[in-house]
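**Q** Listed here are the chains, written in short residue letters.
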Amino acid sequence: MNDILLEVKQLKTYFFTEDGIVPAVDDVSFNIHKGETVAIVGESGSGKSVTSLSIMRLIEEPGKIVGGEINFEGINLNKVPRMKMREIRGNRIAMVFQEPLTSLNPVFTVGNQLAESIKLHQKKSKKEAREIGIEMLRKVGIARPDKVYDQYPHALSGGMRQRVMIAMALSCSPKLLIADEPTTALDVTIQAQILRLMRDLIKELDTSILLITHDLGVVAEMADTVVVMYGGQVVEKADVFTLFKEPKHPYTKGLMDSSPKIHEWNEELVSIPGTVPSPFEFPIGCKFADRCPHVMNKCKEEIPSLIEIRKGQEVRCWLHSEKVVDLE
Amino acid sequence: MNYFIKRVLEIIPVLFIISFIVFVLVFVAGDPVALLLPEDAPEEAVETLRTSLGLDDPFYVQYGRYVVNMLQGDFGDSFRYGQDAMSLVLERLPATLELAIASILVAIMIAIPLGIWSSTKKNSSIDLVATGAAVLGKAMPNFWLGIMLILLFSVTLDMLPVSGRGSFSHLILPAITLGTGIAAEMTRLIRSSMLETLSQDYIRTAKSKGLRTGIVVYKHAFRNTLVPVVTIIALQTSTLIGGTLITETVFAWPGIGQLLIQAVNTRDMAIVQACVMVIAFFVIVMNLIADLLYQVLDPRIRYK
Chain C
1 MNDILLEVKQ LKTYFFTEDG IVPAVDDVSF NIHKGETVAI VGESGSGKSV
51 TSLSIMRLIE EPGKIVGGEI NFEGINLNKV PRMKMREIRG NRIAMVFQEP
101 LTSLNPVFTV GNQLAESIKL HQKKSKKEAR EIGIEMLRKV GIARPDKVYD
151 QYPHALSGGM RQRVMIAMAL SCSPKLLIAD EPTTALDVTI QAQILRLMRD
201 LIKELDTSIL LITHDLGVVA EMADTVVVMY GGQVVEKADV FTLFKEPKHP
251 YTKGLMDSSP KIHEWNEELV SIPGTVPSPF EFPIGCKFAD RCPHVMNKCK
301 EEIPSLIEIR KGQEVRCWLH SEKVVDLE
Chain B
1001 MNYFIKRVLE IIPVLFIISF IVFVLVFVAG DPVALLLPED APEEAVETLR
1051 TSLGLDDPFY VQYGRYVVNM LQGDFGDSFR YGQDAMSLVL ERLPATLELA
1101 IASILVAIMI AIPLGIWSST KKNSSIDLVA TGAAVLGKAM PNFWLGIMLI
1151 LLFSVTLDML PVSGRGSFSH LILPAITLGT GIAAEMTRLI RSSMLETLSQ
1201 DYIRTAKSKG LRTGIVVYKH AFRNTLVPVV TIIALQTSTL IGGTLITETV
1251 FAWPGIGQLL IQAVNTRDMA IVQACVMVIA FFVIVMNLIA DLLYQVLDPR
1301 IRYK
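Chains as they are written, first to last, in the numbering used here: chain C, 1 to 328; chain B, 1001 to 1304.
Bear in mind the hints are in silico, worked out from the structure with no lab data behind them. The beta carbon of each residue, even a glycine, is placed where N, CA and C say it ideally should be. Treat the hints with care, as some may be off.
Partial selection, computed: residues in chain C whose CB lies under 7 Å from chain B [stated by the list, open to error]:
#, residue
1, VAL80
2, PRO81
3, ARG86
4, ARG89
5, MET95
6, GLU99
7, THR102
8, SER103
9, LEU104
10, SER117
11, TYR152
Result set (BS3-like, lysine-lysine): computed pairs, CA atoms no more than 27 Å apart in a straight line [as the list claims (entries may be wrong)]:
#, chain 1, residue 1, chain 2, residue 2
12, C, LYS79, C, LYS34
13, B, LYS1219, C, LYS123
14, C, LYS298, C, LYS253
15, C, LYS124, B, LYS1219
16, C, LYS12, C, LYS298
17, B, LYS1121, C, LYS12
18, C, LYS123, C, LYS147
19, C, LYS84, B, LYS1219
20, C, LYS127, B, LYS1219
21, B, LYS1219, C, LYS126
22, C, LYS119, B, LYS1219
23, C, LYS84, B, LYS1121
24, B, LYS1138, B, LYS1122
25, B, LYS1006, B, LYS1121
26, C, LYS9, C, LYS123
27, C, LYS79, B, LYS1138
28, C, LYS261, C, LYS245
29, C, LYS147, C, LYS127
30, C, LYS245, C, LYS203
31, C, LYS84, B, LYS1122
32, B, LYS1006, B, LYS1122
33, C, LYS79, B, LYS1122
34, C, LYS79, C, LYS64
35, C, LYS64, B, LYS1122
36, C, LYS12, C, LYS311
37, C, LYS253, C, LYS311
38, B, LYS1219, C, LYS12
39, B, LYS1138, C, LYS64
40, B, LYS1219, C, LYS147
All chains, full assembly: derive it from the sequences and hints.
**A** See the structure below:
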């Protein structure tokens, strides 16, 4: 687990809108090791999806990566020419999206869309691509894959379509799979199946995963390392056991308290007060200051920096940086 | 296949209803005899002609006779030309079809590249120029554009014939005249539906697979905009078959439009009937073709 596959370093992706500049991703850094599953957790608007699209270099106007490095297998993706990036996309790094119902093109068969990347990246003939495609459909647990191969997406259920998406993403054995809320749009029973499927397949293919989610249940199930994002910044970063056992940032604690736990049924479910402010209304200091139960004067004036409070756990909070100072 | 047979059979009652409506309209429009004879013709002559043409029979007798003849393919003789009306119309039909198809092709050749181009470069200078050109194309009246084209290419540059029908070069100016207006409308339609398609999730999926921009735009996006494009092509072709009178007049193009207007002016009932039936037939067929194409273009559309 020491080999770093992807290193995101001080990534900044801003949106230049008519109303002003929105720092959707602001100074985000994390690493993904080979075979590791890293989860990015956060509410809508925390910048987690923009982070994943930045890695794929799929940020659309008016968004732009304005700084930082995205080092993948020794190449800075932020600097590679578009041609080279296309060879990486879908081949070395693949992506599964949130909406299986709309993520497949309705006017082409499953096979057509599946074979597309196999033909492109593996230079296979149409016939070979068909064989590989059908084999991939079988791997993702689709019954009668040769029949489904020739069907149109509208004939399949949401779960089936997400399986097709996964088959498509894994068809070129990528080194990194970015899964952006892969189970959010699915029924609970299907969610579990899809998660299990992804876990089994990445083990088989030795693929790392960057999992984007707001669902802590999914995080607990899948992740090795967790990055918690709020307002475009990383607020806490730790391995999954530490994070669930000892969440340090008030926002992480809030997230934990607001997800239902089966063995604590008598406890009232709490929610984090307020909502994520609009991008233009974030406080000057800590971005979470307005919603934080432990807010201090300092929080409203100065942004805390991300500090390693113990090995493998980093927190962006004045509460904890004070302690570090005290210890010194 | 069953659907196809059903749709073809539906053409018959529709044509019947249209024939009735046209018959009534021509019937109430007035007496053609007054226009066929000189103003000072004696009363007996008028009566004789009216009787010989069967125009003094009651409405239902006239309509009954008309239907019986129509079912035998006989729309009667033109008062004016003294010939079988349907063969007069069919004589003009190739010219009309030729011009209609050429105009649509001109429109398609302009609108598809321009529409796609301006959608992929939204709000760029190319997009603004294309939008301006579309507004201009739509705003220019056909008769004016036709005359300007004649002035430039036929009179000043002496490159193309002024008017009439014959060689391919005769077709160029009238087809451009009619095609630009349609191209303008089509460009706007293609641009807006392309913009909608390009923002869909499956376009992001296609990009994430590492496909070239050309494949993303032409294969994944454009295929999804073909249903509205086919609709507008079918509608415009129908319109072109029915009404290109102004352009036909400017270029002395011997099409159905001119024949129909002359027939209406002279109350040449048989020709009006035959013209309308032919035009109606083409409108119905174009709609049928469009409906069948929808199924080919979008697998989610299936008719029972």
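**Q** Is the Cα-Cα distance between LYS124(C) and LYS1219(B) 27 Å or less?
**A** Measuring from Cα to Cα gives roughly 20 Å; hence the hint holds.
**Q** Does the interface hint hold: is VAL80(C) within less than 7 Å of chain B, judged Cβ to Cβ?
**A** Result: violated, 12 Å to nearest chain B Cβ.
**Q** Are the Cα atoms of LYS84(C) and LYS1122(B) separated by 27 Å or less?
**A** Roughly 25 Å between the alpha carbons, so the hint for LYS84(C) and LYS1122(B) holds.
**Q** Against chain B, is MET95(C) within 7 Å by beta-carbon distance?
**A** Because about 4 Å separates MET95(C) from the closest Cβ in chain B, which is inside the 7 Å limit, the hint holds.
**Q** Under the criterion that the straight-line Cα-Cα distance not exceed 27 Å, is the pair LYS79(C), LYS1138(B) satisfied?
**A** Distance ~45 Å between LYS79(C) and LYS1138(B) Cα, so the pair is violated.
**Q** Checking one constraint from the list: CA of LYS245(C) to CA of LYS203(C), max 27 Å. Satisfied?
**A** holds, 26 Å
**Q** For the hint on ARG86(C), just tell me whether its beta-carbon gets within less than 7 Å of chain B.
**A** With a closest approach of 4 Å, the ARG86(C) hint holds.
**Q** CA of LYS147(C) to CA of LYS127(C), is that 27 Å or under?
**A** holds, 15 Å
**Q** Any CB of chain B closer than 7 Å to the CB of LEU104(C)?
**A** holds, 6 Å
**Q** Can TYR152(C) be said to touch chain B, with a Cβ gap under 7 Å?
**A** Since the shortest Cβ distance to chain B is 4 Å, the answer is holds.
**Q** Would you check the hint for LYS119(C) and LYS1219(B), treating anything up to 27 Å between C-alpha atoms as holding?
**A** Holds, at about 15 Å.
**Q** Hinted pair, alpha-carbon criterion (27 Å max): LYS1006(B), LYS1121(B). Please report holds or violated.
**A** Cα-Cα ~44 Å, so violated.
Comparing the model with each earlier hint shows violations of hints 1, 2, 25, 26, 27, 32, 38 and 39; every other hint is respected.
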